[in-house]
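> Chains A and B, in that order, give the protein sequences.
Under full-length UniProt numbering, think of the first position of the first sequence as 1, with each following residue one higher.
Under full-length UniProt numbering, think of the first position of the second sequence as 1, with each following residue one higher.
The hints are simulated quantities; they were obtained by calculation from the structure and are not laboratory data.
Every residue gets a Cβ at the ideal spot worked out from N, C-alpha and C, and that includes glycine.
One should not assume that every hint holds.
[Said to hold, decoys possible] Residues from chain A that keep clear of chain B, each with C-beta distances beyond 10 Å, as calculated:
#1 LEU4
#2 ASP93
#3 PHE188
#4 LEU207
#5 ASP215
#6 ASP241
#7 ARG343
#8 VAL360
#9 ASP426
#10 ARG458
[Said to hold, decoys possible] To be clear about the criterion: a stretch of chain A counts as covered by chain B if any three or more of its residues have a C-beta under 8 Å from a C-beta of chain B, and this derived list gives those stretches:
#11 17-24
#12 33-47
#13 222-234
#14 273-281
#15 291-305
#16 323-329
[Claimed, not checked] List time: in silico SDA-like cross-link candidates among lysine to any residue, alpha-carbon distance up to 20 Å:
#17 B:LYS38 - A:ASP315
#18 B:LYS234 - A:PRO355
#19 B:LYS79 - B:ALA376
Each chain, written out:
Number of protein chains: 2
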Amino acid sequence: MSNLDPVLSHIDENLSAATERLFELMRIPSISTDPAFKEHCDAAADWLVSDLASMGVTATKRATPGHPMVVGHTNGTGKHVTFYGHYDVQPVDPLDLWHSDPFAPALEDTDAGKVIRGRGAADDKGQLMTFVEACRAWIAVHGSLPINVSFFFEGEEESGSPSLIPFMRENKDELSSDLALICDTGMFDPKTPAISTQLRGLLGEELTITGPRIDLHSGMYGGAAINPIRVLSKIIASLHDAEGRVTVPGFYEGVPEMSPELQKQWEDLNFDDAAFLEAVGLSELAGEHGKTALEMLWARPTCEVNGINAGYTGDGFKTVLPSKASAKISFRLVGTQDPHAIREAFRQMVQDALPADCSVEFKGHGNSSAVQMSTADPAFEKARLALSDEWPNPAAFVGCGGSIPIAGHFKTELDTDAMLIGFGRDDDAIHSPNEKYDLESFHKGMRSWARVLDALSR
Amino acid sequence: MSNLDPVLSHIDENLSAATERLFELMRIPSISTDPAFKEHCDAAADWLVSDLASMGVTATKRATPGHPMVVGHTNGTGKHVTFYGHYDVQPVDPLDLWHSDPFAPALEDTDAGKVIRGRGAADDKGQLMTFVEACRAWIAVHGSLPINVSFFFEGEEESGSPSLIPFMRENKDELSSDLALICDTGMFDPKTPAISTQLRGLLGEELTITGPRIDLHSGMYGGAAINPIRVLSKIIASLHDAEGRVTVPGFYEGVPEMSPELQKQWEDLNFDDAAFLEAVGLSELAGEHGKTALEMLWARPTCEVNGINAGYTGDGFKTVLPSKASAKISFRLVGTQDPHAIREAFRQMVQDALPADCSVEFKGHGNSSAVQMSTADPAFEKARLALSDEWPNPAAFVGCGGSIPIAGHFKTELDTDAMLIGFGRDDDAIHSPNEKYDLESFHKGMRSWARVLDALSR
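Bound-form chain A, shown alone (with noise of 0.2 Å):
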């Protein structure tokens, strides 16, 4: 008998413990993007040291100017990995969109099988969870992980990430290691895992348009004064060419042509391009002409407005004419485009864009490069075996179209490449009301686990 096929048992055995931790974890509304969750950030972090305790593990919460990361070694022997994951989440608006409670999870029985629900669920929670319980199962059984492993939760995923550059560049030492293991990505399918190998890039403007000095009512100065919401509407509706091309001058310099292996391996995927756009209701690709879905969200840049705000906004109706009008716009990035460059050509475009009497204010949120791996390294094909044999088809080497900063971090600052592996679906509605994970995939993501952890240590 193998050393694996215990530890399988074993996490078969305790699910339902396994399961009551996360819930645990997930009624924790660990909300980093809002100062009014601060508390409760700090408290998620709390409840990870302990449970790192509880498993033998000496962990530590660490201060940083925001939320604190928690970081755990095992001390053990053999390949050294670092596995990163975050605690905190997204917001919960529009609430009223929610079944339940976000913050109050349970196991739902679907159509599709059992889910657990709630915020977090899926992204991170569930699946920083899913390699928690893998060495907790480990050191049950064999009183230690057959690798030696560092854990890192970072507790700013969903706002930035402000300080974990800096955190990472003071404890450069302790949390380099031979490899890391990231888990905040999807399978391909719900049979087939992915190693994500490609992850676009992310940069974050927001935009205020001030018109009048104040809010004027449109029966005094309608017609006459200039509206803020109308030429905020008029820069977003001229972001877009009508081919669907972002028009931010420059925008397109760095990125690839896709070679025509990496275009063959994807169409071996056979994506559903009808089936992933009829999940959220749609029926039309809506992207630039031309490219398949799996290019739009893997290999091209995007523009996005991801938030809008002006006027009056509550019941009723109210004859404002606004001073100000805010949007929050978003690019995702891909090859070697540079944030840096797209940010002050999206400035300046939008600068020579004011008519007279307006002016703009910018705030940056975050901006991060895409980011290639290499799956030179033995490890990454390892792993790939191993998770062919938990799931029904075997695993594929994919692109990503979120933005997982970390993984280029983990590159660029501790010279430790990153694999990407996660048990996520599409259907899982992160980010948005109802968020969910499969039971299935919180099991097998821990059976997953158990098994790239022996795999590793060959």
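Given chain A, put chain B in place with the hints provided.
Just chain B, lined up with the frame of chain A:
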């Protein structure tokens, strides 16, 4: 000695008591558009009933499906006028821009003299009370009014007056009179009183565009899924052409060319476009090319966006791709523009502009045609001369950019002409933070009404 002089003296001697009464009314947060303030609207109606009773006027609070009306009668002799004002006020957001509590009114010294600060100071509680106080002074001095006065106060003016027309129809005999007097407009300038003889109409529309069925993560769907904020922005950007004209099909049907006489009359007012704009931090007219400010405000129709809201708008950043995006849009109408036809044309235009996978829901927020007063009634010239006696400059017949549907309703529902006299100033910041009413407007407003009552009795 005339009957008038002791009334004017009584007003002068009792200014501070009158101001304190206005403060009492202003302390009641009677925001009609927000259901949370329903009880306060009721309290404001009660206050008015009690205040009228204290002057010996028989007044009653009258229930409607919305906020109550207040109706009072003096049963005097001579010409019968019905005075209309509204006791409800606009919402106060954004509250953080107020320098003091909007519902804690106070006298403030400013460079331009003393002002009454607070929500409703000018719109319309302060204006309403100029008339009530003028009546109180007449009664105090002479035991009665020089003409027969009825009072009619509404509590839904700032939320589209849904109960007004039904109430007028049900109480037609009681509310009809020889002439309606309305105090909800402004001076032409601080030295020149005005009687408003043409008012723009108003059409309010709220639209909500839905794209994906749920909010999406911009990393997982950005680039491929339609973004309703982009769709809405494009529609808003298309509502005006490069000349500043509204593009809704058929919009300009019924917009009259100005007569040379009216053009001359308005030119003679020597309106200072630059000063008008400069007061709110602007330097250029932003409306239809080739029109003067007075034309834009009094004689031309508009389309304005009064509010827009979608996605994440709190602190920080959230990479959401929202399911829905909403805007509140209003049209100011002139001449014989048909609000119903324009509503239909606007909705059709939006429908036609929707890309695949998007749907739209509309909500109408009231509509009123423009109103043109007949100044043939000698009461208009009598009132104009009475106002000219009170102020440095003679009174003028002017247009009004705002929409005061009640003026049209008096004509269509009660067959009563309306005379609009008000003492607001352009910088009163009505509908904005830090609303004020000059103490001079309040004081000379009361004196003006005392003079008008006297003039109408001759």
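> With reference to the structure, classify each hint as holding or not holding.
Going through the hints against the structure:
1. LEU4: holds (32 Å)
2. ASP93: The claim is violated: ASP93 (chain A) sits with its nearest Cβ about 7 Å from chain B, within 10 Å.
3. PHE188: The claim holds: PHE188 (chain A) sits with its nearest Cβ about 13 Å from chain B, beyond 10 Å.
4. LEU207: holds (12 Å)
5. ASP215: violated (4 Å)
6. ASP241: holds (12 Å)
7. ARG343: ARG343 (chain A) is indeed farther than 10 Å from all Cβ atoms of chain B, at 14 Å.
8. VAL360: The claim holds: VAL360 (chain A) sits with its nearest Cβ about 15 Å from chain B, beyond 10 Å.
9. ASP426: Nearest chain B Cβ is 7 Å from ASP426 (chain A), so the label is violated.
10. ARG458: holds (34 Å)
11. 17-24: With 0 residues closer than 8 Å to chain B, the region 17-24 of chain A misses the three-residue bar; violated.
12. 33-47: This one holds; 3 residues, not fewer than the three required, reach chain B with a Cβ under 8 Å.
13. 222-234: Coverage by chain B holds here, the residue count being 11 at a Cβ distance below 8 Å.
14. 273-281: The restraint on the region 273-281 of chain A holds, since 4 of its residues have a Cβ under 8 Å from chain B and three suffice.
15. 291-305: holds (count 8)
16. 323-329: With 4 residues close enough to chain B, the hint holds.
17. B:LYS38 - A:ASP315: holds (14 Å)
18. B:LYS234 - A:PRO355: holds (18 Å)
19. B:LYS79 - B:ALA376: holds (17 Å)
The earlier numbered hints that this structure contradicts are 2, 5, 9, 11.
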